[in-house]
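**Student:** Below, each chain spelled out in residue letters.
Protein chains: 2
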Amino acid sequence: MKPTKVPLGLFAATRAIAQGKLSPQDYLQQCVARADEREPSLHAFVARTPTDNLLQGVSDGEWAGIPVGIKDLIATRELTTTNGSPIYADQVLGYDAPIVAHIRQLGAAVFGKTVTTEFAWRQPGPTVNPFNAAHTPGGSSSGSAAAVAAGIVPLALGTQTVGSVIRPAAFCGVVGVKASFGAVPREGVFPLSGSLDHVGFIARSVNDVAYAFNLLRNKVAIEPDSIVLPPVPMNTEVGIEPSSAPRLAWLRTPFDDRVTVEQKQAMDKSVAQLRAKGAVVEEFSLPDEYWTGIDAMFCLLECEGGAIHQEHVKRFPERSSVHLKELVEKGQARSAFEYLAARGLQQRLRADAATQFKGFDAVLTIPATGEAPEGLAFTGDPVFCALWSFLGLPALTMPIARSAKGLPLGLQLIAPYRQDAHLLRTGRWVELSLPAA
Amino acid sequence: MKPTKVPLGLFAATRAIAQGKLSPQDYLQQCVARADEREPSLHAFVARTPTDNLLQGVSDGEWAGIPVGIKDLIATRELTTTNGSPIYADQVLGYDAPIVAHIRQLGAAVFGKTVTTEFAWRQPGPTVNPFNAAHTPGGSSSGSAAAVAAGIVPLALGTQTVGSVIRPAAFCGVVGVKASFGAVPREGVFPLSGSLDHVGFIARSVNDVAYAFNLLRNKVAIEPDSIVLPPVPMNTEVGIEPSSAPRLAWLRTPFDDRVTVEQKQAMDKSVAQLRAKGAVVEEFSLPDEYWTGIDAMFCLLECEGGAIHQEHVKRFPERSSVHLKELVEKGQARSAFEYLAARGLQQRLRADAATQFKGFDAVLTIPATGEAPEGLAFTGDPVFCALWSFLGLPALTMPIARSAKGLPLGLQLIAPYRQDAHLLRTGRWVELSLPAA
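Chains as they are written, first to last, in numbering that gives the first Met the number 0: chain A, 0 to 436; chain B, 0 to 436.
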């Protein structure tokens, strides 16, 4: 059997369909064929919409015929919503999370529910890395990253509480964005930690995630100007306009000794390429207090996640992982004062970050320590994502290289709170300035 | 010496000044004369703007010549901001809280800083009840309520975390409103409990507080339509339009045995008068779970207030009251899970209240157990305000009668979250339908 071709990416597919060059049904069938080929070994989906339903359900709209992968922590009116937990194995909610309803309203289809770790915490699902089945795809948005990387869907929704969009996207060689805290609607998403949870987008280019973000972001924004990109007409092949050559703050972190030589070399090479194209890249560090934010973030997560899951662990001990039990135990030991101190630090540093980043278009850093770890038990160290989740700052990852084992390596860009539009434009410049990874 | 006349109320004064019937300077001087007469025994002010500065500082604007009392917990660029604590006895902040800046921008003047209990918690200041100096004015917004009741200022800002606007307003026979949580800007206000703190308005009529609320409310409202009243032209003597005869839910509470016979009789009489004018008043009760909200409210207050004040108590034990020390001790003993359970209940019941109140324009209840208690040590039981502060629902009090000792008794109206405009219109109908108290 001849291997299937990778269907067009999100932006290109919507244009081809709008211009009548591709029928929605043909596009959907290409995606189904791709899934039929890759999914038996990939295990990216918990449940899929039957192909007949997909083809018959095509409706009008800017995204007519676009199949979207929905992380299985997000409510959909049909298919199961298992939250990655055997406790909810048979749960069919009968309603859509508002962001899913919005996706359907655009004419797009729910292609399927993608594998998440247990409640978006640590216990992994069955998904493998599309580049090497012996390696993790990362988590918790494992299935979303893998399905996009395998070319099954042009867009998937993920969620990030610590590093759950950026890390799997980087491990799977695709583009992921976690916008500013609050910038994307998260109603109908099973919470892990209310002061940290974000919904994110995974696609195959910066242009594609920017397009998704711009349509699906929260419309009741406090400072709308800073997060809105102008809409792109359907009759153009050109995506969002890149920024001019940016000034990038190349971040040193206290965890740089965890980074692999390959990842360091890939970053050095990318920086040289970006400088050659005109970017200014300067070494940069943050005050030490910022790095205490990672402990504070775990405090919030243990308190909020523990409070949410104490009932699960109590009522269903045999269907709760040791990771979940440990989260509850840690949360139980936390005082209200500890919790409030962490919230206070979060608010203070979120506001302060814009001052620290002043003079730069974005902070440049790594998304993970290196390639995806071997085995499926551990989805990887989220330390290079954690601070941006704590602060609620917009973060974007894109692939830059492959490891010796052929696994993807990426970079990450960060901007001040609610500077999402500028981050995406800067990311587009970076993407256009680097050779395809 | 002939006693001074009570200067016009807020709405009437602004109209008289705009129409050239009263000069801003004359109005200010009437208020100064009133203060000079009453303040020596009232002790409503911590600091006053010198009269020359008031008269010379008159600027253009809808509120030109209007003197406003600012609770001494709210930042002002001159005068002290003591927060009611000896720790801050000499603090001059040099900047205005945004709501104070807005008041000045309207042409109004900061008449003075009004007495608050220590950090808006329990330790009282020196203010006495304007109707009987042997009785408390209530708290924590003691000076704001007393200054308005004494006719010194037509408007004062207060804050409410449990019952700190409604209770003193009721004890002093004036009108107070605490709008929906988040509906009035509170930046620059020293916090007591972030999830409970509200800024409120105290004036001499519903029309006056509605007018102040409408100009000074948060302009970035999530559901602006429900909190906005149409502006009233400067050339009209008519205030906000009252609702039609309302349907009122007359609330039974588990604390009704604390209510004095006088307060009960006053309410019965008011209800009869309102019914005679066409209101439908039905007995009403809430599910028991609502009343657990009062314990949850104290949990939030102990955690958030305790976390804020632990440094004060540690560094300045001799300048911190036993009440403040007790707050910190109670907060220290709280777990993060207890805190988060209280926040969860708050969010759930805030949303549910609209369902409970369905079919009614407002809930009718009492603002306090009865007249202001004797003595200054205890500012009164806040139990009839606490639930509305916990839920963040808009609350309005107005005077309805006098006790045998000549002290004011009031009623309180409550509406669902962000139904502020309708509450004020309903309150205006009630005010116009009752004989002057």
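If you're looking for bench data, these hints aren't it; they were derived computationally from the structure.
It is possible that part of the hints are untrue.
Since the list gives no way to pick out one identical chain from another, each pair is judged satisfied if it fits inside one copy or across any two copies.
DSS-like, lysine-lysine: derived pairs with alpha carbons at most 30 angstroms apart [as the list claims (entries may be wrong)]:
1. Lys-329 with Lys-313
2. Lys-357 with Lys-263
3. Lys-357 with Lys-218
4. Lys-313 with Lys-276
5. Lys-404 with Lys-324
6. Lys-263 with Lys-276
**Student:** Now tell me if each hint is right for this structure.
**Tutor:** Okay, the hints, checked on the actual structure:
1. Lys-329 with Lys-313: both (15 angstroms within a copy, 28 angstroms between copies)
2. Lys-357 with Lys-263: Close inside one copy (25 angstroms), not across copies (62 angstroms); limit 30 angstroms.
3. Lys-357 with Lys-218: Close inside one copy (27 angstroms) and across copies (29 angstroms); limit 30 angstroms.
4. Lys-313 with Lys-276: neither (57 angstroms within a copy, 57 angstroms between copies)
5. Lys-404 with Lys-324: neither (35 angstroms within a copy, 62 angstroms between copies)
6. Lys-263 with Lys-276: within (20 angstroms within a copy, 80 angstroms between copies)
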